[in-house]
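Student: Read off the chains here:
Number of protein chains: 2
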Amino acid sequence: MATFSRSASALRSSAIRDLMSLASQPDIISFAGGMPANELFPVEEVEELFRGLSDREKRSAFQYGPTQGLPSLLESLAERLRRKGLQMEGNRILITTGSQQALNLLARAFVDPGDRVLTERPCFIGAIAAFRAAGAEVRSIPLDAEGIDIETLEKALGEGPKPKFLYVTPYFHNPAGILYGERRKRELIDTLRGSGIPLIEDDAYGDLFFHPEDRDRLIPMQALPHDGVEICYTGSFSKILGPGLRLGWLLAPEAIYGKCELIKQSSDACSPSFTQVLADAAIRSGMMEGYVERVQSEYRDRARAMTDALRRHLPDYVEWSEPRGGFYIWLTLPEGADAARVLEKAIEAGTVFVTGSTFDPEGVRRNTMRLSYCNNTPEEIERGIPLIAEAIRECCG
Amino acid sequence: MATFSRSASALRSSAIRDLMSLASQPDIISFAGGMPANELFPVEEVEELFRGLSDREKRSAFQYGPTQGLPSLLESLAERLRRKGLQMEGNRILITTGSQQALNLLARAFVDPGDRVLTERPCFIGAIAAFRAAGAEVRSIPLDAEGIDIETLEKALGEGPKPKFLYVTPYFHNPAGILYGERRKRELIDTLRGSGIPLIEDDAYGDLFFHPEDRDRLIPMQALPHDGVEICYTGSFSKILGPGLRLGWLLAPEAIYGKCELIKQSSDACSPSFTQVLADAAIRSGMMEGYVERVQSEYRDRARAMTDALRRHLPDYVEWSEPRGGFYIWLTLPEGADAARVLEKAIEAGTVFVTGSTFDPEGVRRNTMRLSYCNNTPEEIERGIPLIAEAIRECCG
Numbered sequence: 001m002a003t004f005s006r007s008a009s010a011l012r013s014s015a016i017r018d019l020m021s022l023a024s025q026p027d028i029i030s031f032a033g034g035m036p037a038n039e040l041f042p043v044e045e046v047e048e049l050f051r052g053l054s055d056r057e058k059r060s061a062f063q064y065g066p067t068q069g070l071p072s073l074l075e076s077l078a079e080r081l082r083r084k085g086l087q088m089e090g091n092r093i094l095i096t097t098g099s100q101q102a103l104n105l106l107a108r109a110f111v112d113p114g115d116r117v118l119t120e121r122p123c124f125i126g127a128i129a130a131f132r133a134a135g136a137e138v139r140s141i142p143l144d145a146e147g148i149d150i151e152t153l154e155k156a157l158g159e160g161p162k163p164k165f166l167y168v169t170p171y172f173h174n175p176a177g178i179l180y181g182e183r184r185k186r187e188l189i190d191t192l193r194g195s196g197i198p199l200i201e202d203d204a205y206g207d208l209f210f211h212p213e214d215r216d217r218l219i220p221m222q223a224l225p226h227d228g229v230e231i232c233y234t235g236s237f238s239k240i241l242g243p244g245l246r247l248g249w250l251l252a253p254e255a256i257y258g259k260c261e262l263i264k265q266s267s268d269a270c271s272p273s274f275t276q277v278l279a280d281a282a283i284r285s286g287m288m289e290g291y292v293e294r295v296q297s298e299y300r301d302r303a304r305a306m307t308d309a310l311r312r313h314l315p316d317y318v319e320w321s322e323p324r325g326g327f328y329i330w331l332t333l334p335e336g337a338d339a340a341r342v343l344e345k346a347i348e349a350g351t352v353f354v355t356g357s358t359f360d361p362e363g364v365r366r367n368t369m370r371l372s373y374c375n376n377t378p379e380e381i382e383r384g385i386p387l388i389a390e391a392i393r394e395c396c397g
Numbered sequence: 001m002a003t004f005s006r007s008a009s010a011l012r013s014s015a016i017r018d019l020m021s022l023a024s025q026p027d028i029i030s031f032a033g034g035m036p037a038n039e040l041f042p043v044e045e046v047e048e049l050f051r052g053l054s055d056r057e058k059r060s061a062f063q064y065g066p067t068q069g070l071p072s073l074l075e076s077l078a079e080r081l082r083r084k085g086l087q088m089e090g091n092r093i094l095i096t097t098g099s100q101q102a103l104n105l106l107a108r109a110f111v112d113p114g115d116r117v118l119t120e121r122p123c124f125i126g127a128i129a130a131f132r133a134a135g136a137e138v139r140s141i142p143l144d145a146e147g148i149d150i151e152t153l154e155k156a157l158g159e160g161p162k163p164k165f166l167y168v169t170p171y172f173h174n175p176a177g178i179l180y181g182e183r184r185k186r187e188l189i190d191t192l193r194g195s196g197i198p199l200i201e202d203d204a205y206g207d208l209f210f211h212p213e214d215r216d217r218l219i220p221m222q223a224l225p226h227d228g229v230e231i232c233y234t235g236s237f238s239k240i241l242g243p244g245l246r247l248g249w250l251l252a253p254e255a256i257y258g259k260c261e262l263i264k265q266s267s268d269a270c271s272p273s274f275t276q277v278l279a280d281a282a283i284r285s286g287m288m289e290g291y292v293e294r295v296q297s298e299y300r301d302r303a304r305a306m307t308d309a310l311r312r313h314l315p316d317y318v319e320w321s322e323p324r325g326g327f328y329i330w331l332t333l334p335e336g337a338d339a340a341r342v343l344e345k346a347i348e349a350g351t352v353f354v355t356g357s358t359f360d361p362e363g364v365r366r367n368t369m370r371l372s373y374c375n376n377t378p379e380e381i382e383r384g385i386p387l388i389a390e391a392i393r394e395c396c397g
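Each protein sequence line maps, in turn, to chains A and B. The opening position of the first sequence corresponds to residue 1 in the working numbering, with each subsequent residue numbered one higher. The opening position of the second sequence corresponds to residue 1 in the working numbering, with each subsequent residue numbered one higher.
Please note that a few of the clues may not be correct.
One copy or two, either will do: identical chains are not told apart, so a pair holds if it fits within one copy or between any two.
[As the list claims (entries may be wrong)] Simulated pairs of lysine to any residue, SDA-like, Cα-Cα distance not exceeding 25 Å:
#1 K58 x G290
#2 K155 x F4
#3 K58 x S285
#4 K155 x T3
#5 K58 x E298
#6 K155 x A2
#7 K162 x P113
#8 K84 x P225
#9 K58 x S297
#10 K345 x E319
#11 K58 x E293
#12 K162 x R184
#13 K84 x E254
#14 K162 x T191
#15 K162 x G135
#16 K162 x R139
#17 K58 x M287
#18 K84 x P253
#19 K162 x S7
#20 K58 x I28
It should be emphasised that the hints constitute simulated quantities derived from the structure, not laboratory data.
Build the full structure now, drawing on both the sequences and the hints.
Tutor: Following this line, the structure appears as structure tokens:
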């Protein structure tokens with residue numbers, strides 16, 4: 001029999017995946033996924049964009065492209081990122097096969113087996129998986145409503161081996177739903193300054209804001225003064241066009257970019273030219289910005305339907321907060337409650353969510369849960385939330 | 001400053017890449033690339049296929065899919081592989097982001113840093129890169145006109161630490177151009193039987209045969225009796241539809257499949273749904289088979305133009321053989337000649353190819369070179385080959 005590598009031998013299927021197969025049953029109301037709503041995809045617009053391309057552009061969609069990405073998309077994306085205030089000088093963009101690949105490349109660029117990396121708690125499950133696949137030991141720092149806890153971070157930096165990087169998702173966090181405060185972002189930069197620990201800033205959801213007055217809070221840390229801190233900024237077309245395109249990006253200081261590009265070369269040679277051509281056309285035509293405005297408003301309605309329902313049905317002892325963008329609401333049950341038992345009851349009643357322990361790198365905290373509203377109509381939300389509330393009452397009542 | 005991982009610190013840009021940037025200059029006649037011809041891509045057909053899809057199918061093109069691939073494509077591809085005689089029982093298909101990703105996943109499933117793997121000599125550069133990125137030490141076994149040298153393989157198996165796998169490209173080899181003989185394939189299976197060393201069989205070019213009477217020789221080893229040998233069979237849509245779709249596959253025994261699927265999950269979540277939907281429609285409609293027949297005939301014409309020109313212009317002391325399919329012709333110069341010097345002269349004269357040492361895992365053999373005819377019209381070939389012949393004469397004459 002073949003002998004697997006040590007890292008492959010250690011791999012196990014995740015609880016969230018086994019759940020997702022359940023969540024795809026047609027009758028169940030699922031608040032579990034992080035998938036954009038099928039009915040919102042800009043199908044006709046993209047079809048029209050493709051029709052409008054020149055023969056040369058269409059042919060390039062079928063061909064290999066440079067590992068770093070198609071030149072025209074690199075240019076249009078750079079322009080879009082510049083408008084967000086991101087610093088391009090001394091940095092380069094790498095188009096990746098979803099932002100999941102950006103996390104994978106960064107993990108392989110930095111992590112040797114046994115190395116420590118820091119994340120938030122809770123943390124995006126795809127990041128935990130990418131870091132662990134490279135052999136990282138993940139240590140997590142708690143979040144509060146304003147962002148990562150600076151005191152705990154300082155403590156973690158002061159003890160044990162030096163972490164290879166810190167990974168954060170400051171904008172409509174998956175799963176915690178929060179938006180970092182401006183002051184907290186500056187404190188975070190100050191804390192890392194001169195430490196030699198790069199910051200990975202994941203901005204997969206930032207475009208999905210519900211309140212234009214939040215724009216200032218959405219300015220990336222990479223766009224703030226950050227002398228003495230190397231920042232790798234990642235983003236994705238998944239939420240602003242469609243995850244089926246499998247396109248994301250990494251904006252990184254040149255030396256880090258160079259390593260990631262070489263690792264990508266032997267990973268999948270290049271990202272799909274076919275969808276790069278479409279994404280480029282979607283940016284240049286203005287179609288994408290129009291689409292983003294449409295889905296902002298749609299997701300705001302869905303979020304409001306869910307918060308209305310939560311207010312009416314949830315027992316008072318459950319803590320949660322109003323989302324200001326993105327896909328998720330994070331619920332905290334009383335200390336000692338077990339969200340896994342709530343999930344069992346909820347599934348019996350015909351609805352599903354993800355337990356918070358799934359997003360806990362240490363896997364010990366049991367009393368939290370993530371609800372997503374992105375893939376449900378207000379009507380489904382109206383029907384599903386009372387079932388969730390009832391399941392909570394049965395377990396914590 | 002950030003500290004890179006050991007494997008990332010060791011990464012260097014490859015010579016072939018630096019060459020490729022040169023090869024994209026408009027005036028140069030390039031026999032260097034392995035890219036299908038732009039003018040042959042089935043642009044109109046694929047556009048029509050997309051138009052003909054149902055709204056549900058179009059929407060699924062924008063959405064995340066399962067890590068293993070879209071169910072409908074897994075089904076249509078399985079049917080196509082079954083027709084080639086491949087054994088599906090006890091095996092599963094994983095859709096990958098190009099077959100480059102299949103090699104990357106297999107490397108990470110099997111290789112710990114310092115482990116030995118076996119390849120042919122010469123060997124596909126993308127495979128060498130994927131194996132090395134996982135930390136493998138690559139040992140190569142020479143090829144002759146019928147395939148891998150069995151005696152040297154047996155010797156390599158008998159000495160030193162047990163290799164993690166053997167990687168071969170038996171069908172229109174990149175870069176050697178050869179097609180394995182039937183007997184050699186059976187001998188290879190016999191040699192590996194019971195050794196516990198899995199075989200990776202790369203069939204990226206098998207569909208591009210020029211002579212229907214070769215069909216029997218094209219039967220994959222995975223389709224022959226191979227009790228006691230685990231075979232991982234990889235393939236690609238790159239040559240039969242377009243590399244810009246970034247779709248390939250791995251057909252592997254279930255345990256190996258399981259590891260690769262988990263590694264893929266944290267690598268890029270899933271391959272592009274957008275192009276999976278198109279590939280599925282191209283198979284089901286019969287469009288792809290029609291396209292394959294068209295390009296077979298076109299590449300046969302290009303190959304003939306090149307062999308005619310080589311016969312007329314090359315000095316007698318250069319060895320090469322008639323291609324029976326695929327993209328490449330492999331030239332062997334006299335012992336002691338340096339193909340790198342030939343390349344310099346050729347570039348001065350306005351044409352480019354790849355030196356054989358690029359494909360030599362040990363990097364020591366200097367007197368071979370690869371010409372590709374896939375991306376040139378017969379007219380370009382007529383103009384370019386005399387320049388190559390002249391460069392050879394200047395260096396070896």
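Student: A separate judgement is required for each hint: does it hold in the structure or not?
Tutor: Against the structure, the hints:
no.: 1; hint: K58 x G290; result: both (23 Å within a copy, 20 Å between copies)
no.: 2; hint: K155 x F4; result: between (37 Å within a copy, 24 Å between copies)
no.: 3; hint: K58 x S285; result: both (16 Å within a copy, 21 Å between copies)
no.: 4; hint: K155 x T3; result: between (41 Å within a copy, 21 Å between copies)
no.: 5; hint: K58 x E298; result: between (32 Å within a copy, 21 Å between copies)
no.: 6; hint: K155 x A2; result: between (44 Å within a copy, 20 Å between copies)
no.: 7; hint: K162 x P113; result: both (14 Å within a copy, 23 Å between copies)
no.: 8; hint: K84 x P225; result: within (14 Å within a copy, 60 Å between copies)
no.: 9; hint: K58 x S297; result: between (33 Å within a copy, 23 Å between copies)
no.: 10; hint: K345 x E319; result: within (20 Å within a copy, 74 Å between copies)
no.: 11; hint: K58 x E293; result: between (28 Å within a copy, 22 Å between copies)
no.: 12; hint: K162 x R184; result: within (22 Å within a copy, 53 Å between copies)
no.: 13; hint: K84 x E254; result: within (20 Å within a copy, 46 Å between copies)
no.: 14; hint: K162 x T191; result: within (14 Å within a copy, 48 Å between copies)
no.: 15; hint: K162 x G135; result: both (15 Å within a copy, 24 Å between copies)
no.: 16; hint: K162 x R139; result: within (12 Å within a copy, 36 Å between copies)
no.: 17; hint: K58 x M287; result: both (18 Å within a copy, 18 Å between copies)
no.: 18; hint: K84 x P253; result: within (17 Å within a copy, 48 Å between copies)
no.: 19; hint: K162 x S7; result: both (22 Å within a copy, 19 Å between copies)
no.: 20; hint: K58 x I28; result: between (41 Å within a copy, 23 Å between copies)
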